[in-house]
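Just so we're aligned, residue 1 is where the sequence shown starts under the UniProt record's numbering, counting upward by one.
Calculated directly from the structure, the hints in this document are not laboratory data.
Just so it is clear, CB atoms sit at the ideal spot from N, CA and C, and this is done for glycine as well.
Hints may be right or wrong, so weigh each one.
In silico SDA-like pairs for lysine to any residue, Cα to Cα no more than 25 Å straight-line [said to hold, decoys possible]:
#1 K3 x A22
#2 K3 x P21
#3 K3 x V100
#4 K3 x A60
#5 K3 x G90
#6 K3 x L89
#7 K3 x C96
#8 K3 x T63
#9 K3 x T93
#10 K3 x R87
#11 K3 x T79
#12 K3 x Q69
#13 K3 x E95
#14 K3 x I77
#15 K104 x M85
Now the in silico label distances, taken between C-beta atoms and shown as ranges [stated by the list, open to error]:
#16 H98 x A55: 16 to 26 Å
#17 A101 x I76: 44 to 54 Å
#18 D106 x T63: 41 to 51 Å
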Amino acid sequence: MLKADPRTENTARALAALGHPARLDVFRLLVRAGNDGLIVGDIALHTSLPLSTLAHHLRALVTAGLVNQERRGREIINTVNFDAMTRTLGFLTDECCHGVAIRKVDVA
1 MLKADPRTEN TARALAALGH PARLDVFRLL VRAGNDGLIV GDIALHTSLP
51 LSTLAHHLRA LVTAGLVNQE RRGREIINTV NFDAMTRTLG FLTDECCHGV
101 AIRKVDVA
């Protein structure tokens, strides 16, 4: 099996993390929060997710590189990694409408 290039691997990992409705909701909430981010308790209030479930989903987003966590005192601030988001979206759209050469197959 051929190994995918790193950009394909990273994009697949990001899309897999966003492939769960709860994680997508959390991610979109953090996008709306911008660079200020949100603490876990505020995310839980907005999403109505139990803290243990939210922790699981945040871990997946952090592991995929889509969310950063920074400790500020006793709180952990969650922010979107906007560079990773842009790279993921760019991977999907960079070659839009450039055309694809059709391979001819010899039928013998």
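Hints, one by one, checked against the model:
1. Pair hint K3 plus A22 does not hold up; C-alpha atoms about 30 Å apart against a cutoff of 25 Å.
2. For the suggested pair K3 and P21, the alpha carbons sit about 29 Å apart, so the restraint of at most 25 Å is broken.
3. With a C-alpha separation of about 22 Å, the suggested pair K3 and V100 falls inside the 25 Å cut-off, and the hint holds.
4. At roughly 23 Å between alpha-carbon atoms, K3 and A60 fall within 25 Å of each other, so this suggested pair holds.
5. Annotation: proposed proximity of K3 to G90 holds, straight-line Cα distance about 21 Å (limit 25 Å).
6. The suggested pairing of K3 with L89 holds, with an alpha-carbon distance near 22 Å, which does not exceed 25 Å.
7. Distance hint between K3 and C96 is fulfilled; the C-alpha atoms sit about 23 Å from each other, no more than 25 Å.
8. With a C-alpha separation of about 20 Å, the suggested pair K3 and T63 falls inside the 25 Å cut-off, and the hint holds.
9. Simply put, K3 and T93 have alpha-carbon atoms about 22 Å apart, close enough for the 25 Å limit, and the pair holds.
10. Distance check on the hinted pair: K3 and R87 sit about 20 Å apart at the alpha-carbon level, within 25 Å; holds.
11. Straight-line distance between C-alpha atoms of K3 and T79 comes to about 31 Å, which puts the hinted pair past the 25 Å bound.
12. For the hint linking K3 to Q69, the alpha-carbon distance of about 30 Å lies beyond 25 Å, and the restraint is violated.
13. The hinted pair formed by K3 and E95 meets the criterion: a straight-line CA distance of about 21 Å does not exceed 25 Å.
14. Between K3 and I77 the alpha-carbon distance is near 35 Å, which puts this suggested pair outside the 25 Å criterion.
15. As the CA atoms of K104 and M85 are separated by approximately 37 Å, the hinted pair breaks the 25 Å bound.
16. Between H98 and A55 the Cβ separation comes to about 42 Å, which falls outside the hinted range of 16 to 26 Å.
17. A C-beta distance of roughly 49 Å is found between A101 and I76, which places it inside the suggested range of 44 to 54 Å.
18. Range check, D106 to T63: Cβ separation about 45 Å, and the 41 to 51 Å hint holds.
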